[in-house]
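There are 2 protein chains.
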Amino acid sequence: MTDLKLALQEQAEDVDKVLDDLLLEPEGPEAQVVKAMRYSALGGGKRVRPFLVMASSRLFGVSEASALRVAAALEMVHCYSLIHDDLPAMDDDDLRRGRPTCHIEYDEATAILAGDALLTLAFEVLADEETHPSPSVRCALVSELAKASGMNGMVGGQMIDLMAETRELGIPEITRLQRLKTGALIVFACKAGAILGKAKDIKMQALRNYGHDLGLAFQIADDLLDVEASEEETGKKVGKDAERGKATFVSLLGVERAREQAHMLSEQACRHLDVFDRDTELLRAMAQYVVNRRS
Amino acid sequence: MTDLKLALQEQAEDVDKVLDDLLLEPEGPEAQVVKAMRYSALGGGKRVRPFLVMASSRLFGVSEASALRVAAALEMVHCYSLIHDDLPAMDDDDLRRGRPTCHIEYDEATAILAGDALLTLAFEVLADEETHPSPSVRCALVSELAKASGMNGMVGGQMIDLMAETRELGIPEITRLQRLKTGALIVFACKAGAILGKAKDIKMQALRNYGHDLGLAFQIADDLLDVEASEEETGKKVGKDAERGKATFVSLLGVERAREQAHMLSEQACRHLDVFDRDTELLRAMAQYVVNRRS
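Chains as they are written, first to last, in the numbering used here: chain A, 1 to 295; chain B, 1 to 295.
Rather than coming from a laboratory, the hints here were simulated on the basis of the structure.
This one's a predicted model, so the numbers in the text were calculated from it and none came from an experiment.
Heads up, some of the hints might be wrong.
When chains are identical, the list treats them as one kind, so a pair holds in a single copy or across two.
[Unchecked claim] In the BS3-like style, the derived pairs of lysine-lysine whose C-alpha atoms are separated by at most 30 Å in a straight line are:
no., residue 1, residue 2
1, K35, K237
2, K35, K246
3, K147, K46
4, K17, K240
5, K200, K246
6, K17, K198
7, K35, K198
Given these sequences and hints, build the entire structure.
Below, the structure written as structure tokens:
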């Protein structure tokens with residue numbers, strides 16, 4: 001196992017512990033919604049976003065406890081978006097991370113509420129003083145995560161994606177769609193360490209740019225997997241984009257050029273890290289990983 | 001028109017202006033989600049919760065600009081909950097505030113996303129320095145609103161409500177359900193002024209208790225309207241509880257005792273306000289209004 005895979009796995013376990021503590025089942029009949037939240041948030045996944053929070057936090061000597069809480073909050077937002085995106089009215093997916101999606105395992109109402117509650121809890125966790133002693137830092141985290149997730153971020157991207165089923169998109173539109181839909185949250189993950197560590201602008205910018213290029217590389221790799229990988233490898237349905245006639249980087253560029261583009265973006269991401277003297281190995285390895293992964 | 005009705009109407013207009021500014025339509029195809037947010041958030045309503053934020057803020061000399069932003073954020077959370085609760089998988093309602101519900105006017109996917117984005121924007125607004133100069137106050141607002149809305153608040157209450165369709169609830173269970181589902185947000189509205197004004201514990205508690213009794217009175221009055229009022233008066237479908245065989249305060253206590261209970265709670269709410277020397281007239285008038293309203 002490579003150093004990166006080991007680090008990914010170890011940190012996934014640490015983040016799971018924090019999520020497990022935060023998602024305490026209450027006594028009453030409302031326990032059902034928390035069960036569904038736990039099902040989706042603790043159900044595996046690569047934990048790329050939490051990993052990026054931890055790796056960027058290490059650059060600034062942020063306490064592990066702070067970084068883990070932000071990582072857990074971000075993973076909750078990511079999982080909420082997956083639950084809602086999988087709903088029948090949205091992408092209508094039955095399989096996620098190799099298991100039935102939340103609305104299949106429970107029901108649609110519970111899935112909607114579980115998503116709502118994960119999003120809400122993420123902000124509660126960020127605003128809590130356990131996350132960071134400085135209220136300014138906590139407000140900055142809430143504000144940045146809200147911007148990355150809302151109508152001008154992830155939700156806006158998902159809206160464009162849904163509208164795209166009836167419109168022809170080109171490379172500029174798809175790039176913008178992905179910057180909003182998946183890029184904004186990845187950029188937040190990369191910036192989180194800089195926010196927690198009250199970093200100077202130049203370092204904040206470097207991480208933002210790294211996250212931007214990494215996010216796009218990640219998405220192109222995802223589009224490639226949808227064409228080339230099996231359901232067993234990815235744990236979700238593949239070939240969906242082609243089936244729905246949706247334009248992707250791969251349908252527009254072809255497999256070869258899309259792969260080149262992903263590698264180019266991965267290298268470009270790493271160059272932004274040159275402003276740091278040290279401790280960038282894991283972030284560089286991650287940029288390699290996202291374009292070479294098979295799941 | 002009574003002083004209260006005039007005050008309600010004036011403040012609804014002020015809050016609408018703030019919401020209008022916050023819900024700027026973007027240029028791209030994602031504009032659709034913001035249109036749906038505007039449709040639901042600017043579509044009338046009594047604005048009871050924003051009113052309570054404004055009235056409690058006045059007790060502590062909070063700036064009107066701060067109070068209005070918190071009122072707008074809270075109304076966004078209330079509207080998000082209505083959009084999601086109205087979905088086919090939840091309460092399946094077609095009519096709200098005298099107009100088609102969000103998923104009827106748009107579609108289900110857009111309605112889910114519009115709710116998600118309203119919830120997210122509420123936290124963004126609260127965390128922004130325009131809302132209050134003190135980051136500690138902003139964190140407290142985010143934290144309290146998240147607790148009131150999440151799995152141990154409004155979402156938990158809605159989950160119990162959905163589970164209740166297959167279980168028999170008694171008065172204690174229904175009281176708890178309503179404390180979570182509608183009470184928590186009303187209590188937040190009443191406490192918001194105290195948080196913004198950094199009030200002492202005794203005044204915070206008084207407003208919490210006022211909000212608690214007011215919220216329950218409000219809900220019993222709602223149950224009575226569902227039995228006694230017309231669709232024209234309420235702007236939503238009536239007789240739903242009986243049709244679904246759901247236990248309510250009215251089905252368990254009968255109309256007369258339920259009405260007595262609502263009035264008793266309304267008077268009890270007012271007594272909590274005795275710790276304040278002045279400026280409680282509107283809050284007292286509101287306690288009367290919620291039990292006497294016809295919509």
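Checked hints:
1. In the homo-oligomer, the alpha carbons of K35 and K237 lie at most 30 Å apart inside one protomer (24 Å), although the nearest pairing across protomers, at 32 Å, exceeds that limit.
2. For the identical chains of this complex, K35 and K246 are inter-copy neighbours only, at 24 Å across copies versus 34 Å inside a copy, given an alpha-carbon limit of 30 Å.
3. In the homo-oligomer, the alpha carbons of K147 and K46 lie at most 30 Å apart both inside one protomer (24 Å) and across protomers (29 Å), since each shortest distance falls under that limit.
4. Taking CA atoms no more than 30 Å apart as the test, K17 paired with K240 passes in neither setting, with 33 Å inside one copy and 43 Å between copies.
5. Taking the shortest alpha-carbon separations for K200 and K246, neither the intra-copy value of 41 Å nor the inter-copy value of 58 Å comes in at or below 30 Å.
6. With identical chains, the CA atoms of K17 and K198 are at most 30 Å apart within one copy only, with a shortest distance of 26 Å there and 35 Å across copies.
7. In this assembly of identical chains, the alpha carbons of K35 and K198 never lie at most 30 Å apart, being 36 Å within a copy and 36 Å across copies at closest.
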